[in-house]
Amino acid sequence: MTDYNEIQQDIVDEFSVFEDWLDRYNYLIELGNDLPAIDPKYRTNEYLINGCQSKVWLHADLVEGKLLFNADSDAIIVKGIVALLIKLMNKRTPAEILENDLFFIDGIGLRQNLSPTRSNGLLAMVKKMRLYAMAYQARENQNKES
Amino acid sequence: MTDYNEIQQDIVDEFSVFEDWLDRYNYLIELGNDLPAIDPKYRTNEYLINGCQSKVWLHADLVEGKLLFNADSDAIIVKGIVALLIKLMNKRTPAEILENDLFFIDGIGLRQNLSPTRSNGLLAMVKKMRLYAMAYQARENQNKES
Amino acid sequence: MKMGLNIKQIRSDFPILHQQVYKKPLIYLDNGATTQKPKVVIDTVRELQETLNSSIHRGVHYLSEQMTSRYEAARETVRAFLNAASTNEIIFTSGATGSINAVAFSFGEKYVTAGDEIVISEMEHHSNIVPWQMLCDRKGASIKVIPFNDNGELILEKLDDLLTDRTRIVALTHASNSMGTINPVKEVIKKAHAKGIPVLIDGAQMVQHGEVDVRELDCDFYIFSSHKIFGPTGSGVLYGKESILEELPPYQGGGDMVDQVTFEGTSYNTLPFKFEAGTTNYTGAIGLAAALDYLHSIGFEAIGRYEQELTGYTMEKLGGIDGLKIYGKAANRISVFSFLMQNIHPYDAGMILDKMGIAVRTGTHCTQPVMDHFGIDGTIRASLVFYNTVEEVDALIEGIQRTIQMLA
Amino acid sequence: MKMGLNIKQIRSDFPILHQQVYKKPLIYLDNGATTQKPKVVIDTVRELQETLNSSIHRGVHYLSEQMTSRYEAARETVRAFLNAASTNEIIFTSGATGSINAVAFSFGEKYVTAGDEIVISEMEHHSNIVPWQMLCDRKGASIKVIPFNDNGELILEKLDDLLTDRTRIVALTHASNSMGTINPVKEVIKKAHAKGIPVLIDGAQMVQHGEVDVRELDCDFYIFSSHKIFGPTGSGVLYGKESILEELPPYQGGGDMVDQVTFEGTSYNTLPFKFEAGTTNYTGAIGLAAALDYLHSIGFEAIGRYEQELTGYTMEKLGGIDGLKIYGKAANRISVFSFLMQNIHPYDAGMILDKMGIAVRTGTHCTQPVMDHFGIDGTIRASLVFYNTVEEVDALIEGIQRTIQMLA
Ligand SMILES: Cc1ncc(COP(=O)(O)O)c(C=O)c1O
Ligand SMILES: Cc1ncc(COP(=O)(O)O)c(C=O)c1O
Numbered sequence: 000m001t002d003y004n005e006i007q008q009d010i011v012d013e014f015s016v017f018e019d020w021l022d023r024y025n026y027l028i029e030l031g032n033d034l035p036a037i038d039p040k041y042r043t044n045e046y047l048i049n050g051c052q053s054k055v056w057l058h059a060d061l062v063e064g065k066l067l068f069n070a071d072s073d074a075i076i077v078k079g080i081v082a083l084l085i086k087l088m089n090k091r092t093p094a095e096i097l098e099n100d101l102f103f104i105d106g107i108g109l110r111q112n113l114s115p116t117r118s119n120g121l122l123a124m125v126k127k128m129r130l131y132a133m134a135y136q137a138r139e140n141q142n143k144e145s
Numbered sequence: 000m001t002d003y004n005e006i007q008q009d010i011v012d013e014f015s016v017f018e019d020w021l022d023r024y025n026y027l028i029e030l031g032n033d034l035p036a037i038d039p040k041y042r043t044n045e046y047l048i049n050g051c052q053s054k055v056w057l058h059a060d061l062v063e064g065k066l067l068f069n070a071d072s073d074a075i076i077v078k079g080i081v082a083l084l085i086k087l088m089n090k091r092t093p094a095e096i097l098e099n100d101l102f103f104i105d106g107i108g109l110r111q112n113l114s115p116t117r118s119n120g121l122l123a124m125v126k127k128m129r130l131y132a133m134a135y136q137a138r139e140n141q142n143k144e145s
Numbered sequence: 000m001k002m003g004l005n006i007k008q009i010r011s012d013f014p015i016l017h018q019q020v021y022k023k024p025l026i027y028l029d030n031g032a033t034t035q036k037p038k039v040v041i042d043t044v045r046e047l048q049e050t051l052n053s054s055i056h057r058g059v060h061y062l063s064e065q066m067t068s069r070y071e072a073a074r075e076t077v078r079a080f081l082n083a084a085s086t087n088e089i090i091f092t093s094g095a096t097g098s099i100n101a102v103a104f105s106f107g108e109k110y111v112t113a114g115d116e117i118v119i120s121e122m123e124h125h126s127n128i129v130p131w132q133m134l135c136d137r138k139g140a141s142i143k144v145i146p147f148n149d150n151g152e153l154i155l156e157k158l159d160d161l162l163t164d165r166t167r168i169v170a171l172t173h174a175s176n177s178m179g180t181i182n183p184v185k186e187v188i189k190k191a192h193a194k195g196i197p198v199l200i201d202g203a204q205m206v207q208h209g210e211v212d213v214r215e216l217d218c219d220f221y222i223f224s225s226h227k228i229f230g231p232t233g234s235g236v237l238y239g240k241e242s243i244l245e246e247l248p249p250y251q252g253g254g255d256m257v258d259q260v261t262f263e264g265t266s267y268n269t270l271p272f273k274f275e276a277g278t279t280n281y282t283g284a285i286g287l288a289a290a291l292d293y294l295h296s297i298g299f300e301a302i303g304r305y306e307q308e309l310t311g312y313t314m315e316k317l318g319g320i321d322g323l324k325i326y327g328k329a330a331n332r333i334s335v336f337s338f339l340m341q342n343i344h345p346y347d348a349g350m351i352l353d354k355m356g357i358a359v360r361t362g363t364h365c366t367q368p369v370m371d372h373f374g375i376d377g378t379i380r381a382s383l384v385f386y387n388t389v390e391e392v393d394a395l396i397e398g399i400q401r402t403i404q405m406l407a
Numbered sequence: 000m001k002m003g004l005n006i007k008q009i010r011s012d013f014p015i016l017h018q019q020v021y022k023k024p025l026i027y028l029d030n031g032a033t034t035q036k037p038k039v040v041i042d043t044v045r046e047l048q049e050t051l052n053s054s055i056h057r058g059v060h061y062l063s064e065q066m067t068s069r070y071e072a073a074r075e076t077v078r079a080f081l082n083a084a085s086t087n088e089i090i091f092t093s094g095a096t097g098s099i100n101a102v103a104f105s106f107g108e109k110y111v112t113a114g115d116e117i118v119i120s121e122m123e124h125h126s127n128i129v130p131w132q133m134l135c136d137r138k139g140a141s142i143k144v145i146p147f148n149d150n151g152e153l154i155l156e157k158l159d160d161l162l163t164d165r166t167r168i169v170a171l172t173h174a175s176n177s178m179g180t181i182n183p184v185k186e187v188i189k190k191a192h193a194k195g196i197p198v199l200i201d202g203a204q205m206v207q208h209g210e211v212d213v214r215e216l217d218c219d220f221y222i223f224s225s226h227k228i229f230g231p232t233g234s235g236v237l238y239g240k241e242s243i244l245e246e247l248p249p250y251q252g253g254g255d256m257v258d259q260v261t262f263e264g265t266s267y268n269t270l271p272f273k274f275e276a277g278t279t280n281y282t283g284a285i286g287l288a289a290a291l292d293y294l295h296s297i298g299f300e301a302i303g304r305y306e307q308e309l310t311g312y313t314m315e316k317l318g319g320i321d322g323l324k325i326y327g328k329a330a331n332r333i334s335v336f337s338f339l340m341q342n343i344h345p346y347d348a349g350m351i352l353d354k355m356g357i358a359v360r361t362g363t364h365c366t367q368p369v370m371d372h373f374g375i376d377g378t379i380r381a382s383l384v385f386y387n388t389v390e391e392v393d394a395l396i397e398g399i400q401r402t403i404q405m406l407a
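Residue numbers (numbering that gives the first Met the number 0), protein chains in the order written: chain A, 0 to 145; chain B, 0 to 145; chain C, 0 to 407; chain D, 0 to 407.
Bound conformation, chain A alone (with noise of 0.2 Å):
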């Protein structure tokens, strides 16, 4: 599997052709578009993350060793955010979650998305996501101690 940073990379110079900033918002829309919706067991409140401004919801799992995310907005162009966060930390480790900085929001303009002000969900969402890494591997340790 390609290295956690690569990805990140590979997304930052794949918008870098976007000149237009409705480029890049098209691209996101599409991304959104193709992420599968969420098991609809999981579109409840529980699972939920509200930004107030649009809705997260997100569940995560831990198989083999590897979390599998399961992810979706009501807002399109959130969407294509979350596309992109599942697309790098699907099937990862949680150590690999935990250990890596996430750069690639930034680096393809869209930090602003991720401010403790946006109200959209979309820290929260990042924030459950590395909970998560921190809960399984939590729990991996103690299952090998015991």
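In case anyone wonders, no lab produced these hints; they're calculated from the structure.
Backbone N, C-alpha and C fix where the C-beta goes; we use that ideal spot for every residue, glycine too.
Treat the hints with caution; some may be incorrect.
[Unchecked claim] If you anchor each label on the Cβ, the simulated ranges turn out as follows:
1) K185/C - P24/D: 52 to 62 Å
2) S15/B - T50/C: 22 to 32 Å
3) G374/C - A113/D: 39 to 49 Å
4) A94/A - I6/D: 51 to 61 Å
5) N4/A - V39/D: 38 to 48 Å
6) S15/B - D393/D: 32 to 42 Å
7) N4/B - G209/D: 54 to 64 Å
8) N4/A - Q404/C: 33 to 43 Å
9) T50/C - E300/D: 29 to 39 Å
Here the structure of chain A is known, so what remains is to put chains B, C and D with the ligands in place on it, guided by the hints.
Relative to the frame of chain A, chains B, C and D with the ligands by itself:
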């Protein structure tokens, strides 16, 4: 007796020789020192006009149709202005006081001392002087009628 | 279209309007959130800070003197703007929200007890809901709500039943910030007064669109924000009838609002100072007066006529877009428009319009009950004032069409 | 005197200081009332209004985005200035008075009931007396007062008796605005905490004279005004420990401080937004941050050293004037000096000094209990900051001497 507005003009002329503010104040201090202290029986809360920074006491009688003012202040510059007001208004009929505008204070550059936000009690005192005039005028009119 | 304002001249008075965002000319249609400041306001604020800054009242020195008279002159300017009877009725606050909270507290402390009722409307801004809820929670009182119909117009017939002998006050917005409706406040005030109930009018979205006459309305309180009427942030106005303000306890305690202070007890200053605790935002208040003077120089009537034409044009153009739904269709309205396109998420639309240089607001606009009424999460809102142009409306329409192409 | 600041350079940063009043150079010694603004603050305010003005939070568009991040960066600047643990602990308010009223209300609603006690000191500013009195009136609680001695120093021995099991909070000024005393707040906080009582420190007169470390002090609340620390009017700060703020009900209701609003009930936003109802004074907050950055660039330590020298010099010179009495002689002090000359009325002295271009304050300085302590109606107060000079002190001394000649 000199005309009401002539006196005002005299005061303005008198002050016009002072180029320096401190000379004006020196003159006011002199006037203040020359004004006899108010009869102690009027230097009481009943006759106090509280200006929050400096105090003014005022009492008025009507003798033979003329107002007799008795006034004082704990701040000497304020007392100097009080002295000018007394010089102007003392022994006048209520009508004279009520008919004429008060322009000398403005004319000698002390207008700010009569601004509503000035906390020296002067504005309240001027209002009170006119109130006395009104009250005595009303009483006289009543006496005439009955 | 021939409209009676020299828009080019007017736009040149507002420095911010000549900016580029993302290399596109800025089209600022978020005036419902905050309005831009004309040069004269910006210059006044600068001049005050460079030449006069000093704490007001009580000061014996020159700067304090000068600043105090500028501040009190600003109060007179606001009084004249609202046609209030006296400057004692004009309180400078920190903003519309501060004004409403002051009334909710002071009026509430004095007059509201358990079982009492406060009447508001279904279209209030959160700032005219939450302070009353907090009061009701404290006192055991309750909120009654005047509903609106699907055009966004108050259902006035319901009012008579809502005004009971437990109603202590009616608090109603003059114009809706999310639907644009101008409410028949005069009628409401009449009905309330007939039962002896005082009325607060939230003018936060009205004053920037035309002059208000509080004596003609006969409202008991009228409030607005400086920053929404081309003045500085951090300042606002609370008008209250003198006879009512006299009776109310103060809201905040502090410097300047007291007469005598001892630990045994404190007596309060006279109006309007009783309600202006601490160092007030004198720069903001004087800046607001500069904004009002500026509006006068242009003429409220001309502004009103221009905005009405612009409103008609915008409604027509928006109505012509396939699949676009307007929320709030009252005929009597300000130039504020809420809408949704098909099933496009407003946040997506807002982000795309932004990149075209068009600043609109998306979301609930702090009127969640309005969204609940329509069963939606939010809208896109374009809010215009007199410096906006037909060309900007055209750009918005084109932007919406492109957005639909991208998203639908 | 060799002092470590380039005063000439510093004075050139403050446009207002180069003015003439009554054809005399302005000597501004009323900094306790409000401080002047450096060019960088004035320019920041102007720049924000000319290029960025937009309502913060919730906005999807560019201006709103930019203004929001500037505002939140300002919060971080204030956090660093106070060394608070988190930006969640930094609330922007309308000023020191607004901050204290917020605590008195929110803390009071939650924790104060009939029979409880609030401990303040005899040297508090009215803004740190009246809000507590209003609370006590509402709740049936009472005020207990830490007295000071004739030097203007708190009599700490009295504190132990004042802190009872009914004491709910201690509210104490860090530095006295009328006597200049710096209080041993850390000791008071320790004593109060030993009994589980939280402490609010009023830093309105302290922050402009040196950095404050709220974590080192371990105070529970710390408040100050922007306009007294070289920032814009209409803005202030409330620091509160996160764990305490979390528990408090909001002070004002309105936009931005809510999560969900329905007529059935409302849930509140997280910290710090829960306490920032309505459109905040973002221009003021960002201007304040510019002022703090400016102070950093000069260096708090250098400022502190300079002011201490200036203070020593002023005390010595004032002490040398025959018949002049200083009120407040604490050794640990800020550069604020209250005095009277023989039986000269302070108002007369203030008016005369004014005409020499010297701006001082006269009266009670919103600390009537301090005047009552000394049995006087008011004092003359000269309050200096780091842009004041030895030459200005000399001019003050000369002015006082001339005043005495004129009046005595
Ligand atoms: C109708 C209405 N009322 C009150 C407010 C609150 O104004 P501010 O945020 O300036 O306090 C607003 C502004 O959003 C509004 O639109
Ligand atoms: C010690 C103290 N506390 C509080 C205040 C109130 O500050 P503001 O008037 O800025 O609200 C002042 C200012 O006069 C003060 O000196």
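These are the hints, each one checked on the structure:
no.: 1; hint: K185/C - P24/D: 52 to 62 Å; in the structure: holds, 56 Å
no.: 2; hint: S15/B - T50/C: 22 to 32 Å; in the structure: holds, 28 Å
no.: 3; hint: G374/C - A113/D: 39 to 49 Å; in the structure: holds, 47 Å
no.: 4; hint: A94/A - I6/D: 51 to 61 Å; in the structure: holds, 58 Å
no.: 5; hint: N4/A - V39/D: 38 to 48 Å; in the structure: holds, 40 Å
no.: 6; hint: S15/B - D393/D: 32 to 42 Å; in the structure: holds, 33 Å
no.: 7; hint: N4/B - G209/D: 54 to 64 Å; in the structure: holds, 59 Å
no.: 8; hint: N4/A - Q404/C: 33 to 43 Å; in the structure: holds, 36 Å
no.: 9; hint: T50/C - E300/D: 29 to 39 Å; in the structure: holds, 32 Å
Comparing the model with each numbered hint stated earlier shows that all of them hold.
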